[in-house]
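Single-letter residue listing:
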Amino acid sequence: MRRHLPVLVTTVVFLLGFLFCAIQYPNIASTRVVMNLFTDNAFLGILAVGMTFVIISGGIDLSVGSVIAFTTVFLALAIGNWGLSPGMAFVLVLGITALFGAAMGAIIHHFEVPPFIVTLAGMFLARGVAFLMSTESLPIDAALYQEVASFSIHLPGGGRLRIIGMMMLLVFLLGGIVLHYTRFGTNVFALGGGRTTTALMGVRVGRITVAIYMLSSLLAGLAGIVFSFYTASGYSLTGVGVELDTIAAVVIGGTLLSGGAGTMFGTFIGIMIQGLIQTYITFDGSLSSWWIKIVTGLLLFLFIVLQQLLTHLARRATTGAGEKDTQARP
Amino acid sequence: MTFKKLLLATALFTGVTVPALAADMTVGFSQIGSESGWRAAETSVSKTEAEKRGITLKIADAQQKQENQIKAIRSFIAQGVDAIFLAPVVATGWDAVLGEAKDAEIPVILLDRDIETKDPSLYLTAVTSDSVHEGEVAGKWLVDTVAGKACDVVELQGTVGASVATNRKEGFEKGIAGADNVKIIRSQTGEFTRTKGKEVMESFIKAENGGKGICALYAHNDDMALGAIQAIKEAGLKPGTDILVVSIDSVPDIFKAIAEGEANATVELTPNMAGPAFDALIAYKGGTEPPKWLQTESKLYTKDSNPEAQYEARKSLGY
Numbered sequence: 419m420r421r422h423l424p425v426l427v428t429t430v431v432f433l434l435g436f437l438f439c440a441i442q443y444p445n446i447a448s449t450r451v452v453m454n455l456f457t458d459n460a461f462l463g464i465l466a467v468g469m470t471f472v473i474i475s476g477g478i479d480l481s482v483g484s485v486i487a488f489t490t491v492f493l494a495l496a497i498g499n500w501g502l503s504p505g506m507a508f509v510l511v512l513g514i515t516a517l518f519g520a521a522m523g524a525i526i527h528h529f530e531v532p533p534f535i536v537t538l539a540g541m542f543l544a545r546g547v548a549f550l551m552s553t554e555s556l557p558i559d560a561a562l563y564q565e566v567a568s569f570s571i572h573l574p575g576g577g578r579l580r581i582i583g584m585m586m587l588l589v590f591l592l593g594g595i596v597l598h599y600t601r602f603g604t605n606v607f608a609l610g611g612g613r614t615t616t617a618l619m620g621v622r623v624g625r626i627t628v629a630i631y632m633l634s635s636l637l638a639g640l641a642g643i644v645f646s647f648y649t650a651s652g653y654s655l656t657g658v659g660v661e662l663d664t665i666a667a668v669v670i671g672g673t674l675l676s677g678g679a680g681t682m683f684g685t686f687i688g689i690m691i692q693g694l695i696q697t698y699i700t701f702d703g704s705l706s707s708w709w710i711k712i713v714t715g716l717l718l719f720l721f722i723v724l725q726q727l728l729t730h731l732a733r734r735a736t737t738g739a740g741e742k743d744t745q746a747r748p
Numbered sequence: 010m011t012f013k014k015l016l017l018a019t020a021l022f023t024g025v026t027v028p029a030l031a032a033d034m035t036v037g038f039s040q041i042g043s044e045s046g047w048r049a050a051e052t053s054v055s056k057t058e059a060e061k062r063g064i065t066l067k068i069a070d071a072q073q074k075q076e077n078q079i080k081a082i083r084s085f086i087a088q089g090v091d092a093i094f095l096a097p098v099v100a101t102g103w104d105a106v107l108g109e110a111k112d113a114e115i116p117v118i119l120l121d122r123d124i125e126t127k128d129p130s131l132y133l134t135a136v137t138s139d140s141v142h143e144g145e146v147a148g149k150w151l152v153d154t155v156a157g158k159a160c161d162v163v164e165l166q167g168t169v170g171a172s173v174a175t176n177r178k179e180g181f182e183k184g185i186a187g188a189d190n191v192k193i194i195r196s197q198t199g200e201f202t203r204t205k206g207k208e209v210m211e212s213f214i215k216a217e218n219g220g221k222g223i224c225a226l227y228a229h230n231d232d233m234a235l236g237a238i239q240a241i242k243e244a245g246l247k248p249g250t251d252i253l254v255v256s257i258d259s260v261p262d263i264f265k266a267i268a269e270g271e272a273n274a275t276v277e278l279t280p281n282m283a284g285p286a287f288d289a290l291i292a293y294k295g296g297t298e299p300p301k302w303l304q305t306e307s308k309l310y311t312k313d314s315n316p317e318a319q320y321e322a323r324k325s326l327g328y
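Residue numbers (the working numbering), protein chains in the order written: chain A, 419 to 748; chain B, 10 to 328.
Just chain B, same shape as in the assembly (with noise of 0.2 Å):
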């Protein structure tokens, strides 16, 4: 203790500036890495959303490692946080140092990823996206938008065995079932990329008569669907009219390829996971507990949803 105030001491002689004990919340976020646009546009996102609330938030990149992402939250204990947000990279483990925030009565809100733990406790709440909504959401345009035609889909999946690509497969069926006139016919997996998407559309093509047979394009990213349009250009179709071409995720490109009118709709995946965290965590603060799970929205954005607008608002977040 003495040792604490003889540093103090000679911080404050050295004239080395102490972070004033604010009144204003510091919360920590232990964030996966950055190996994708849509992470990286979350981490950006996470700051404005701390900066227009007036938070503190310090951010701890975790480089793809669970060790990291333990450290980093047992450090936030240590320097006593209001609150930790956690993204976590693997979802088994996390039972001990999720504890020790419990124990210093630090609350833990989960951005993106559920946890497999047998004590629900340990977490204030999750906010996460449902996949499966979010194909749902798709399927949905789909039947709305060719209106009682005849429409044979063709599908690109993502990685074969992620629990996204699955879901959003599901969920697709999910919004198209009860319309016969809307059946897939093809789908196969573009891996989440879109040289891999380009690719299995010019095979999708050469199988149905030159494209001729297919109506809709329903890609699991907007990656692929953009590796899909080059594809079906240089068949000599028009994407977007003679193929429609809807698919998830929302990244600044395909809003170009919306406004250019070469795809037609994208489902966002919000990387705006830390607006409600926040929201939910000074709504905790002043006494309400809020629900366990809380869904983010899955929005549709088409031609008539000002395109250009949302581009121009998402090319500096890092995709």
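So that you can see chain A by itself, here it is in the shape it has in the complex (with noise of 0.2 Å):
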């Protein structure tokens, strides 16, 4: 029950949020507005799955923004100028983004460099690349990028299933499947848990290290195919501070900061809720919209205060039961 604590709260959160919400904006209850936070968050939902891996390993990864802004900018010149189809661009850049988290990931297991430290380097790495591609924003005109914007699953009340809303969401049930049910997701956990013990049980950590990371960067590069069908155009400056809105959105959907605990779940309803506080504003229309930062902080503090809190307690409990066997031995 206290390992759930942290999801229920989240989606106790963003069930109420959506009551307020709508209660004052009969509207947002409507099928459309909930098929839009799927299709406007997609890139965001892609990007907090790999994060999700990443933090319950005890890592953190800043180099997913900058990785969507190359892979948009790399797409646009690789099927506008170098004349590539949208396939073949697709699994180039799917190649290139997975090396770079790999690279990532095997810098920070064998130079046992902090992950803050490397893909911090990451992040200006991928973004230095992209400007120097190109610094304006380019326009990506395929027939497949028109079939894509244009094809939708109607729903009764106006709601539309966009391709990429569900992209999001296959993304969404494959990462929890492989983070709860596979032997990878054990070892993720593991690793979270102490990279000691978890070497020390006989898991190949470094193996374990790279692959997370390889995730990451790989899942970077397909929000950023994502976020281009979402746009229709390759930009540098797409995605600035995107990592720090999925590391939000992973800690408000109950992942531990320091690793070792978390839900794929909870990622999910984490990008609701941040999804939800924008919509609330924007039909608002009068509220700044640095309100949504406020509010995203606000939550975050929560968060982090009640899984302290909740750690603390754990530590309480196990370390009160062993008081009692010593207690009970004569």
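Worth flagging that the hints you see were computed from the coordinates, not collected in a lab.
Do not take every clue at face value.
Unchecked claim - With a cut-off of at most 27 Å between alpha-carbon atoms, the simulated DSS-like pairs for lysine-lysine come out as follows:
#, chain 1, residue 1, chain 2, residue 2
1, A, K711, B, K74
2, B, K294, B, K56
3, B, K56, A, K711
Join the two chains, each given in its own frame, into one complex according to the hints.
Below, the structure is given as structure tokens:
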């Protein structure tokens, strides 16, 4: 029960928030707005799936926003200037981003550099390369992009489930299965509990670390593809600060920032909460959009305090039990 | 549907006010951000213009991010607003979301900047200024003012590569074309900032025999002109008399300078983009299709146009 308390709190916060918004603006309780939440936060959601793995393993990945920018510019150039087919460009860019992540993971493991530093360097590197390729916003016009943009499943109530929304839901589903039901997922949790103990248990920590950062960058590449669908253009200034929004969503979703605990479902709700705040502020139309940051900040505080409290309680419970044991002995 | 009814019932029961479905119009405005004084003024002017016409204006500040603008437009569509105003942060990538607005039969009006699209039916009209014309107005004023006397002009350009800077340069050259007495002798970038404007002006003065060879200064924006005025004063010359000063934008501070005789003229880049847009919208709802481009007026202000009052009118706009 205690393990699931953070997710439970997040879910309750989301439902209450949704109810509050819907009472003020009945239009919010429509399939249209809910589907918009999926479409508009698709890239953020996909990033957050990768980030959940990283944070549960006790790491952090600051490079994801820049990887999105790199990906969109790369795609715009590959499709527009170099004449590649979109499919080919996707394969190429996913290969590059996966390699990029693997390299960061390898450096983190072999040189024992904190992930913060390595991914910070990665963030500058990816953004720099994006700028080097182009500083302008480049339109992408391939037939595939128009098809993706125009395709949607219409729901009653004006909602439209778009391809990028479906992609996000699928990534969440697969991410959840990998995290909670595979050996790799178990190892990720173990790594977050402690590197040395995990190594002593016979897990190949190096391989897991490389795989985690590779997955995160690969998903960032995928998020970049989704973002390029979203705006049909590539721009080197996209995704500035998105890594922080992602981390916030993961933590609000109940994942322990120090690693070792968290759920994929919680992250999903974390993303939805951020989207909901933004929707509310647009519906209101008179509030400053900086309130999004303020509310997100407050929620973050709340959840970090909650987590600390729970960890503290858990520790007290175990030491308490230990004392009883010693007392029981004569 | 029943869920909605339930919510509505709860809302009524608990006494929470549900915004009434007013008969008058609601317009959603997706603004880029508040990165400059002009942008802040544009936002506050749109609010007052909306109030004047009894229109409810919902503003979403995108903090310079396109994804935030797209989200805001989608939210506006979901709310069922009567029209959407968009000041696009970049030119590309609007087709999908504007297509959604079109499907929902919500007209979109672009403010201040254009977009790149193959389908111009995605927006009703664009209200923008013509920056070439602004430069031209400044150039023509100078030609008229010197009235045939020889005049060597130094030019402070905006940020290199910015389309506004290129256009304002081109426009000024167009404005002085044909007047052989007026010519640009030096031209350099002051990057649209006050400090850089001052710095570059100092070097111009040094290079031109202590400023004696300079008859007039043309700055691509008021901020650079204000910096340059400082430099002219420090060189022991009188700005506005020894060296004529003309610039573009019409920020409040330049009117102070004009009132004190230190600057001579400014061409306005009006922050009132929303006013013409509202008028076009109202006309459109009445059945009149507006032209695809509404050019805002590039008005010239000098010491004859009551600079004190202009300053007072602008100082609270958020510049």
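Hint-by-hint comparison with the structure:
no., hint, result
1, A:K711 with B:K74, "holds (14 Å)"
2, B:K294 with B:K56, "holds (20 Å)"
3, B:K56 with A:K711, "holds (24 Å)"
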